[in-house]
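Enquirer: One-letter residues, chain by chain:
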Amino acid sequence: MKNDIVLAGVGGQGILSIAAAIGHAAVSSNLNIKQAEVHGMSQRGGDVQSHLRISDRPIASDLVPAGGADMIISVEPMEALRYLPMLSPEGWVVTSTTPFVNIPDYPPVEDVLAELRRLKRCVAIDADAIAKEAGSARASNIVMLGAASTFIDIPFERIEDGIRALFGRKGNEVVEMNLKALRAGREHSEKMR
Amino acid sequence: MSKQLFLGDEAIAQGAIDGGLSGVYAYPGTPSTEIMEYVQGSKQAAELGIHRQWSANEKTAMEAALGMSYAGKRSLVCFKHVGMNVAADSFVNAAVTGVNGGVVVVSADDPSMHSSQNEQDSRFYAKFAMIPILEPSNQQEAYDMMYTAFELSERVNTPVMLRITTRMAHSRSGVERKPTKPQRGVSLPDDPRQFVLLPAIARRNYRKLLAMQDVMVDASEHSPFNTYTDGPKHNMGIIATGIAHNYLMENYPNGCPHPVLKISQYPIPRKQVEQIYAACDSVLILEEGAPVIEELIRGYMNNGKPVHGRLDGTLPRDGELNPNLVARALGIERPEGQPIPDVVKMRPPSLCQGCGHRDVYEALNIALEPYGTGRVFADIGCYTLGALPPFNAINSCVDMGASITMAKGASDAGLTPAVAVIGDSTFTHSGMTGLLDAVNEGSSITVIISDNSTTGMTGGQQSSATGRIIDICKGIGVDPEHIKVITPLKKNLDENVRTIAEELKHNGVSVIIPQRECIQTASRKAKAAAK
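Residue numbers (this note's numbering), protein chains in the order written: chain A, 4 to 196; chain B, 14 to 544.
Treat the hints as calculated values from the structure; they're not laboratory data.
Mixed in with the good hints there might be a few duds.
The list that follows gives simulated cross-link-like pairs (lysine-lysine, DSS-like), each with its CA atoms no further than 30 angstroms apart [said to hold, decoys possible]:
hint, chain 1, residue 1, chain 2, residue 2
1, A, K135, B, K540
2, B, K246, A, K5
3, B, K518, A, K183
4, A, K194, A, K5
Whole structure, please, built from the sequences with the hints as guidance.
Expert: Structure, rendered in structure tokens:
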């Protein structure tokens with residue numbers, strides 16, 4: 004099995020938490036993993052990406068080859084489109100539809116969503132609304148992880164464990180809220196596939 | 014022991030701790046910062062009493078590490094590649110003094126300049142200083158190299174460079190640890206004059222260093238990190254270093270059909286290089302960074318077998334490698350996905366909403382209106398983002414500290430008023446000496462030390478300047494009448510513009526210190542306090 008994932012978003016939107024939860028799930032499933040992140044200047048409100056590779060065979064490159072990604076997980080709709088050159092012809096885009104507008108020339112949201120609709124394999128969900136429903140607007144990244152989980156070849160329970168490991172220090176309430184967000188994202192995604 | 018998920022930087026830090034480290038010295042710089050941060054956060058390091066405080070700059074870090082080596086213990090120095098330039102004086106001479114306890118210098122290169130001003134290749138420095146380099150290709154190798162690097166340093170009697178790049182530093186993978194080695198005790202060098210580089214002693218030491226080169230080559234030829242793997246297709250041999258080896262193997266998941274020499278320890282292993290050169294009709298060199306090995310193998314006259322790489326256009330001359338670029342060099346087709354739709358706009362990084370630097374630039378831009386643009390020399394830090402819209406406020410960003418000295422030079426040339434914008438941590442890193450130059454000459458410059466009480470760009474590390482800037486400026490000799498502290502807030506805009514405008518008129522050195530804590534650091538502190 005092999006899952007090559009590109010995580011996309013804007014600095015501060017929590018894509019590294021998604022990566023960390025999947026990473027934990029992969030390690031506890033005895034899978035090989037490589038995950039490349041970008042730190043530093045680009046974190047200041049710029050576009051950020053992380054490459055996450057999971058396989059039952061040894062992984063050579065830390066970077067996903069362009070044109071080889073099985074999935075783009077994005078917490079922002081325009082950012083999902085930015086990495087289309089990375090996606091394989093059979094790959095899926097799983098993205099939030101909530102725009103993060105911090106530039107003066109952000110395109111009309113309708114245009115962005117129209118581009119997403121043109122993709123053959125795309126799950127686009129209103130992660131912010133789902134997160135609010137689940138109890139915390141801040142958990143929209145975890146909603147996206149839940150939505151993406153249906154495409155990841157790791158048992159869902161392991162990903163739940165990943166959430167527990169990630170948020171355990173913050174107390175049971177935070178863990179439960181994030182688990183709720185995770186499951187809600189998964190349900191929405193299953194409906195749309 | 015089971016595997017742990019480590020960033021490359023973290024693997025190095027843990028490898029150093031387990032390798033008998035007594036002290037780490039560093040200045041923050043992407044992508045090296047997390048090495049020190051890991052040691053600072055490590056309970057094990059605390060229990061072992063390992064030194065783990067940030068230094069004022071890379072040179073003081075390198076020198077302190079050499080002092081710890083003199084005293085017999087093992088030390089680690091970490092910085093980004095341009096920090097190597099700052100530390101170069103002590104770094105190069107440390108190869109001549111030699112070591113007592115092992116010294117390892119981690120220099121983190123940033124090809125493609127994700128977060129840097131240039132993409133210099135640190136391997137040139139190690140070659141210049143004539144010391145060994147270790148260049149890991151994965152996190153396990155980074156750990157294993159660091160675990161044994163102190164012994165290598167002690168054996169060849171020089172510091173050892175551990176050269177990493179952004180992908181190595183900031184990529185995570187599973188690492189298996191080894192038992193922790195004990196630290197060395199305090200012990201003086203056998204020769205009490207080993208570290209005294211008087212010409213007569215330096216000449217003797219230097220000859221020892223030259224004689225040691227053969228030992229270093231021999232170590233490379235027998236290093237487990239350098240491997241020769243034969244393949245059936247001898248029309249081309251491939252030399253791949255460090256992380257470039259990963260991109261090669263990515264393209265041959267079932268094994269490379271060509272002979273491959275993986276180099277991860279330098280000086281380059283002569284025997285294996287001769288072997289692959291003799292066995293193959295041509296050589297392809299894959300290395301992250303500059304064409305260091307390629308130039309060596311090709312030679313100035315380039316009259317041997319065909320050598321392909323970054324110099325003949327087989328690979329781009331600049332920027333980091335990736336699986337697709339290497340595929341193309343190998344003649345393998347790897348089509349990219351769909352193009353980026355036109356609707357996608359650039360999203361450059363920007364100063365955080367609520368950041369004090371924003372208020373500084375807003376006020377400065379207004380105060381400078383009567384003089385016109387083109388006279389603001391800035392420095393390295395978050396505030397460099399003042400170059401971008403909506404501020405378009407600065408005209409230079411060169412190296413740590415260059416704001417003050419470039420403003421001085423421009424002022425000397427007659428461009429007055431000339432303004433320097435520098436952060437608090439950058440000021441104590443390399444700004445103070447330049448300010449002294451300006452004070453000594455009474456240069457007509459206005460220095461804005463935008464003080465957010467942290468090293469913000471790299472994630473909020475402790476700043477050596479915190480609480481000291483006013484006293485430092487007074488001590489350097491700035492007229493206290495012309496040291497002005499302001500609070501960069503929207504509500505103070507008019508007052509701040511007035512203060513800056515007044516100092517711009519002053520024919521001499523003025524220092525304006527806008528003081529407000531970094532909002533990222535402040536919110537982290539507030540969160541921590543709430544717990």
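Enquirer: Under the constraints set out in the numbered hints, which ones does this structure not fulfil?
Expert: Number 3 only.
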